[in-house]
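Novice: Sequence:
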Amino acid sequence: MESGFLSAAFFSSLFSIVLMDLVLAGDNALVIGLTARGLPRDKQRMAIVCGTLGAIVVRGVMAVLVVYILNVPGFMLAGGIALVWISRKLLKPEPAAGSAHAAQAPTVSLFGAVRTIVIADAVMGIDNVVAIGGAAHGSVVLVVLGLAISVPIMVWGSQLIIRLVDRYPSVILLGGAVLAWTAYAMIAREPHLQPWLAGHGATRPVLATLVFSLSLAPWYMARLPSGVRPLVRLLPALLVWMLAFEAAASIWSVQVDRLLATASGQYVVEGLRWIGWLPLAAAFLWLRERASSSSARLHHGR
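This note's numbering numbers the first residue of the sequence shown as 539 and each following residue consecutively.
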(Lines of atoms letter the chains of each structure in order from A and count residues from 1; the text may use other names and numbers.)
(Lines give C-alpha, C1' and ligand atoms only; values in the text may rest on other atoms or scores of the structure.)
Protein backbone atom coordinates (compact mmCIF):
# COMPACT_ATOMS: atom_id res chain seq x y z
CA MET A 1 0.00 0.00 0.00
CA GLU A 2 2.84 2.40 0.76
CA SER A 3 4.27 1.94 -2.73
CA GLY A 4 0.86 2.72 -4.22
CA PHE A 5 0.55 6.14 -2.59
CA LEU A 6 -2.12 8.23 -4.41
CA SER A 7 -3.10 5.18 -6.45
CA ALA A 8 -6.66 4.02 -7.07
CA ALA A 9 -6.30 1.44 -4.28
CA PHE A 10 -5.09 4.15 -1.91
CA PHE A 11 -8.10 6.39 -2.60
CA SER A 12 -10.45 3.42 -2.42
CA SER A 13 -9.15 2.57 1.07
CA LEU A 14 -9.28 6.25 2.07
CA PHE A 15 -12.91 6.45 0.93
CA SER A 16 -13.73 3.38 3.02
CA ILE A 17 -12.03 4.94 6.06
CA VAL A 18 -14.02 8.18 5.63
CA LEU A 19 -17.28 6.22 5.52
CA MET A 20 -16.29 4.25 8.62
CA ASP A 21 -15.37 7.47 10.42
CA LEU A 22 -18.79 8.93 9.63
CA VAL A 23 -20.51 5.83 11.00
CA LEU A 24 -18.27 4.88 13.92
CA ALA A 25 -17.41 8.40 15.17
CA GLY A 26 -21.09 9.18 15.69
CA ASP A 27 -21.34 7.45 19.07
CA ASN A 28 -18.12 9.14 20.22
CA ALA A 29 -19.48 12.55 19.20
CA LEU A 30 -22.63 11.73 21.17
CA VAL A 31 -20.64 11.02 24.33
CA ILE A 32 -18.51 14.16 23.89
CA GLY A 33 -21.59 16.33 23.41
CA LEU A 34 -23.44 14.87 26.40
CA THR A 35 -20.37 15.33 28.61
CA ALA A 36 -19.59 18.89 27.53
CA ARG A 37 -23.18 20.07 27.91
CA GLY A 38 -22.70 20.28 31.68
CA LEU A 39 -20.08 23.03 31.30
CA PRO A 40 -20.65 26.77 30.90
CA ARG A 41 -20.98 27.88 27.30
CA ASP A 42 -17.56 29.51 27.24
CA LYS A 43 -15.87 26.24 28.27
CA GLN A 44 -17.83 23.80 26.14
CA ARG A 45 -15.76 24.27 22.99
CA MET A 46 -12.51 23.98 24.95
CA ALA A 47 -13.71 20.73 26.51
CA ILE A 48 -14.73 19.39 23.08
CA VAL A 49 -11.39 20.25 21.47
CA CYS A 50 -9.23 19.08 24.39
CA GLY A 51 -11.26 15.91 24.87
CA THR A 52 -11.19 15.09 21.16
CA LEU A 53 -7.44 15.68 20.87
CA GLY A 54 -6.82 13.57 23.98
CA ALA A 55 -9.03 10.83 22.54
CA ILE A 56 -7.13 10.91 19.24
CA VAL A 57 -3.81 10.55 21.07
CA VAL A 58 -5.20 7.54 22.93
CA ARG A 59 -6.47 6.09 19.66
CA GLY A 60 -3.05 6.52 18.10
CA VAL A 61 -1.50 4.50 20.91
CA MET A 62 -4.24 1.91 20.64
CA ALA A 63 -3.71 1.61 16.88
CA VAL A 64 -0.16 0.46 17.61
CA LEU A 65 -1.04 -1.78 20.55
CA VAL A 66 -4.53 -2.98 19.54
CA VAL A 67 -3.41 -6.60 18.91
CA TYR A 68 -1.98 -6.78 22.43
CA ILE A 69 -4.89 -4.88 24.02
CA LEU A 70 -7.46 -7.30 22.64
CA ASN A 71 -5.51 -10.21 24.14
CA VAL A 72 -5.51 -8.76 27.67
CA PRO A 73 -7.72 -11.06 29.80
CA GLY A 74 -10.89 -9.30 30.90
CA PHE A 75 -10.29 -6.14 28.84
CA MET A 76 -13.63 -6.29 27.01
CA LEU A 77 -15.49 -7.06 30.25
CA ALA A 78 -13.79 -4.16 32.08
CA GLY A 79 -14.50 -1.86 29.14
CA GLY A 80 -18.18 -2.77 29.15
CA ILE A 81 -18.47 -2.14 32.89
CA ALA A 82 -16.69 1.20 32.44
CA LEU A 83 -19.25 2.23 29.81
CA VAL A 84 -22.11 1.37 32.18
CA TRP A 85 -20.51 3.67 34.77
CA ILE A 86 -20.03 6.46 32.19
CA SER A 87 -23.64 6.13 31.00
CA ARG A 88 -24.95 6.47 34.56
CA LYS A 89 -22.70 9.48 35.08
CA LEU A 90 -23.93 11.23 31.93
CA LEU A 91 -27.61 10.55 32.66
CA LYS A 92 -27.51 11.53 36.33
CA PRO A 93 -29.49 14.77 36.94
CA GLU A 94 -28.47 17.48 39.37
CA PRO A 95 -29.30 16.58 43.00
CA ALA A 96 -31.48 19.67 43.34
CA ALA A 97 -33.23 19.21 40.00
CA GLY A 98 -36.91 18.40 40.12
CA SER A 99 -38.67 16.02 37.81
CA ALA A 100 -39.43 18.86 35.41
CA HIS A 101 -35.71 19.51 35.01
CA ALA A 102 -34.43 15.97 35.19
CA ALA A 103 -32.76 16.31 31.81
CA GLN A 104 -30.55 19.16 32.98
CA ALA A 105 -26.88 18.32 32.88
CA PRO A 106 -24.96 17.76 36.11
CA THR A 107 -22.34 20.34 36.93
CA VAL A 108 -18.86 19.18 35.93
CA SER A 109 -15.40 20.68 35.79
CA LEU A 110 -13.43 21.15 32.59
CA PHE A 111 -10.87 18.57 33.71
CA GLY A 112 -13.60 16.13 34.72
CA ALA A 113 -15.34 16.51 31.36
CA VAL A 114 -12.12 15.96 29.40
CA ARG A 115 -11.26 12.94 31.55
CA THR A 116 -14.68 11.37 30.96
CA ILE A 117 -14.42 12.01 27.21
CA VAL A 118 -10.98 10.40 26.96
CA ILE A 119 -11.97 7.35 29.04
CA ALA A 120 -15.18 6.81 27.07
CA ASP A 121 -13.44 7.19 23.73
CA ALA A 122 -10.60 4.89 24.78
CA VAL A 123 -13.15 2.18 25.52
CA MET A 124 -15.48 2.81 22.58
CA GLY A 125 -12.63 3.50 20.14
CA ILE A 126 -11.59 -0.16 19.95
CA ASP A 127 -14.02 -0.82 17.08
CA ASN A 128 -12.90 2.34 15.29
CA VAL A 129 -9.23 1.45 15.57
CA VAL A 130 -9.78 -2.15 14.42
CA ALA A 131 -11.93 -1.03 11.48
CA ILE A 132 -9.55 1.69 10.32
CA GLY A 133 -6.54 -0.60 10.75
CA GLY A 134 -8.23 -3.26 8.62
CA ALA A 135 -9.17 -0.80 5.86
CA ALA A 136 -5.67 0.71 5.85
CA HIS A 137 -4.08 -2.68 4.97
CA GLY A 138 -0.92 -1.85 6.89
CA SER A 139 -0.52 1.70 5.55
CA VAL A 140 0.65 4.07 8.30
CA VAL A 141 -0.37 7.05 6.15
CA LEU A 142 -3.97 5.80 5.93
CA VAL A 143 -4.11 5.09 9.65
CA VAL A 144 -2.93 8.64 10.41
CA LEU A 145 -5.38 10.10 7.87
CA GLY A 146 -8.20 8.07 9.35
CA LEU A 147 -7.48 9.34 12.84
CA ALA A 148 -7.11 12.92 11.56
CA ILE A 149 -10.40 12.80 9.65
CA SER A 150 -12.24 11.65 12.76
CA VAL A 151 -11.26 14.88 14.60
CA PRO A 152 -13.57 17.33 12.75
CA ILE A 153 -16.34 14.72 12.67
CA MET A 154 -16.28 14.39 16.47
CA VAL A 155 -15.86 18.15 17.08
CA TRP A 156 -18.69 19.22 14.78
CA GLY A 157 -20.84 16.26 15.72
CA SER A 158 -20.54 16.93 19.45
CA GLN A 159 -21.48 20.60 18.94
CA LEU A 160 -24.56 19.45 17.05
CA ILE A 161 -25.42 17.06 19.90
CA ILE A 162 -25.29 19.94 22.42
CA ARG A 163 -27.73 21.96 20.31
CA LEU A 164 -30.03 18.97 19.92
CA VAL A 165 -30.01 18.27 23.67
CA ASP A 166 -30.88 21.90 24.40
CA ARG A 167 -33.87 21.63 22.06
CA TYR A 168 -34.80 17.96 22.56
CA PRO A 169 -33.70 16.78 26.06
CA SER A 170 -34.76 13.20 25.27
CA VAL A 171 -31.66 12.91 23.07
CA ILE A 172 -29.87 12.25 26.38
CA LEU A 173 -31.70 8.93 26.62
CA LEU A 174 -30.50 8.05 23.11
CA GLY A 175 -26.92 8.65 24.22
CA GLY A 176 -27.39 6.42 27.24
CA ALA A 177 -28.91 3.70 25.06
CA VAL A 178 -25.96 3.86 22.65
CA LEU A 179 -23.54 3.49 25.55
CA ALA A 180 -25.60 0.66 27.05
CA TRP A 181 -25.65 -1.26 23.76
CA THR A 182 -21.91 -0.78 23.29
CA ALA A 183 -21.32 -1.94 26.88
CA TYR A 184 -23.40 -5.08 26.33
CA ALA A 185 -21.64 -5.80 23.02
CA MET A 186 -18.22 -5.51 24.67
CA ILE A 187 -19.17 -7.76 27.59
CA ALA A 188 -20.69 -10.35 25.25
CA ARG A 189 -17.49 -10.33 23.17
CA GLU A 190 -15.23 -10.97 26.15
CA PRO A 191 -13.30 -14.11 25.09
CA HIS A 192 -13.49 -15.65 28.56
CA LEU A 193 -17.29 -15.26 28.65
CA GLN A 194 -18.15 -16.25 25.09
CA PRO A 195 -18.03 -20.05 25.65
CA TRP A 196 -20.21 -19.73 28.74
CA LEU A 197 -22.71 -17.44 26.99
CA ALA A 198 -22.84 -19.83 24.04
CA GLY A 199 -23.71 -22.70 26.37
CA HIS A 200 -26.38 -20.71 28.23
CA GLY A 201 -28.55 -19.12 25.57
CA ALA A 202 -31.02 -17.64 28.06
CA THR A 203 -28.32 -15.52 29.70
CA ARG A 204 -27.82 -13.14 26.76
CA PRO A 205 -31.22 -11.39 27.04
CA VAL A 206 -30.86 -11.36 30.84
CA LEU A 207 -27.39 -9.80 30.54
CA ALA A 208 -28.63 -7.24 27.99
CA THR A 209 -31.57 -6.26 30.22
CA LEU A 210 -29.24 -5.96 33.22
CA VAL A 211 -26.82 -3.69 31.34
CA PHE A 212 -29.60 -1.44 30.05
CA SER A 213 -31.31 -1.33 33.46
CA LEU A 214 -28.13 -0.22 35.21
CA SER A 215 -27.07 2.20 32.45
CA LEU A 216 -30.40 4.02 32.09
CA ALA A 217 -31.48 3.90 35.74
CA PRO A 218 -30.64 7.57 36.56
CA TRP A 219 -32.76 8.80 33.64
CA TYR A 220 -35.98 6.95 34.44
CA MET A 221 -35.39 7.08 38.21
CA ALA A 222 -35.91 10.86 37.98
CA ARG A 223 -39.23 10.35 36.17
CA LEU A 224 -40.82 7.44 38.03
CA PRO A 225 -43.39 8.06 40.78
CA SER A 226 -41.83 7.62 44.22
CA GLY A 227 -43.97 4.55 44.89
CA VAL A 228 -42.38 2.49 42.10
CA ARG A 229 -38.80 3.72 42.37
CA PRO A 230 -37.71 0.63 44.35
CA LEU A 231 -38.17 -1.29 41.09
CA VAL A 232 -35.08 0.51 39.78
CA ARG A 233 -33.02 -1.47 42.30
CA LEU A 234 -35.11 -4.63 42.42
CA LEU A 235 -34.99 -5.35 38.68
CA PRO A 236 -31.16 -5.37 38.37
CA ALA A 237 -30.95 -7.36 41.62
CA LEU A 238 -33.35 -9.97 40.24
CA LEU A 239 -31.35 -10.23 37.01
CA VAL A 240 -28.11 -10.69 38.96
CA TRP A 241 -29.89 -13.40 40.99
CA MET A 242 -30.79 -15.26 37.79
CA LEU A 243 -27.29 -14.94 36.34
CA ALA A 244 -25.79 -16.16 39.63
CA PHE A 245 -27.78 -19.39 39.41
CA GLU A 246 -26.65 -19.93 35.81
CA ALA A 247 -23.03 -19.39 36.89
CA ALA A 248 -23.45 -21.73 39.87
CA ALA A 249 -24.88 -24.39 37.58
CA SER A 250 -21.73 -24.23 35.46
CA ILE A 251 -19.31 -24.21 38.38
CA TRP A 252 -20.89 -27.01 40.40
CA SER A 253 -22.57 -28.89 37.51
CA VAL A 254 -26.02 -28.49 39.08
CA GLN A 255 -29.08 -28.84 36.88
CA VAL A 256 -31.20 -25.68 37.22
CA ASP A 257 -33.72 -26.46 34.50
CA ARG A 258 -36.90 -27.87 36.09
CA LEU A 259 -37.73 -29.92 33.00
CA LEU A 260 -34.33 -31.62 33.11
CA ALA A 261 -34.01 -32.06 36.89
CA THR A 262 -33.48 -35.66 38.00
CA ALA A 263 -32.97 -35.35 41.78
CA SER A 264 -34.85 -33.73 44.65
CA GLY A 265 -31.90 -31.47 45.37
CA GLN A 266 -32.08 -30.10 41.85
CA TYR A 267 -35.78 -29.34 42.30
CA VAL A 268 -34.91 -27.44 45.47
CA VAL A 269 -32.30 -25.41 43.61
CA GLU A 270 -34.82 -24.66 40.86
CA GLY A 271 -37.38 -23.55 43.45
CA LEU A 272 -34.86 -21.22 45.07
CA ARG A 273 -33.99 -19.83 41.67
CA TRP A 274 -37.53 -18.73 40.85
CA ILE A 275 -39.10 -17.86 44.22
CA GLY A 276 -36.15 -17.52 46.61
CA TRP A 277 -35.78 -13.83 45.72
CA LEU A 278 -39.31 -12.97 46.90
CA PRO A 279 -38.58 -12.84 50.67
CA LEU A 280 -35.39 -10.87 49.95
CA ALA A 281 -37.34 -8.35 47.86
CA ALA A 282 -40.03 -8.10 50.58
CA ALA A 283 -37.34 -7.50 53.23
CA PHE A 284 -35.76 -4.79 51.08
CA LEU A 285 -39.10 -2.99 50.61
CA TRP A 286 -39.89 -3.27 54.33
CA LEU A 287 -36.48 -1.91 55.40
CA ARG A 288 -36.77 0.89 52.86
CA GLU A 289 -40.21 1.83 54.16
CA ARG A 290 -38.94 1.82 57.75
CA ALA A 291 -35.97 3.98 56.80
CA SER A 292 -38.23 6.45 54.98
CA SER A 293 -40.59 6.65 57.96
CA SER A 294 -37.72 7.24 60.38
CA SER A 295 -36.28 9.94 58.13
CA ALA A 296 -39.67 11.64 57.88
CA ARG A 297 -40.11 11.62 61.67
CA LEU A 298 -36.68 13.14 62.19
CA HIS A 299 -37.44 15.81 59.60
CA HIS A 300 -40.75 16.76 61.25
CA GLY A 301 -39.12 16.69 64.67
CA ARG A 302 -36.79 19.50 63.62
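These are calculated hints, taken from the structure and not from any lab test.
The structure presented is a predicted model; accordingly, all values stated were derived computationally and were not measured.
Incorrect hints may have been included.
[To be verified] Pairwise CB distance ranges, derived in the manner of DEER restraints:
id, residue 1, residue 2, range
1, Asp704, Leu762, 21 to 31 Å
2, Ala785, Arg727, 38 to 48 Å
3, Leu698, Leu810, 46 to 56 Å
4, Leu823, Val678, 52 to 62 Å
5, Asp580, Pro707, 34 to 44 Å
6, Leu648, Trp812, 25 to 35 Å
Even glycine gets a Cβ: it sits at the ideal position worked out from N, Cα and C.
Novice: Which of the listed hints are broken here?
Specialist: 2, 5, 6
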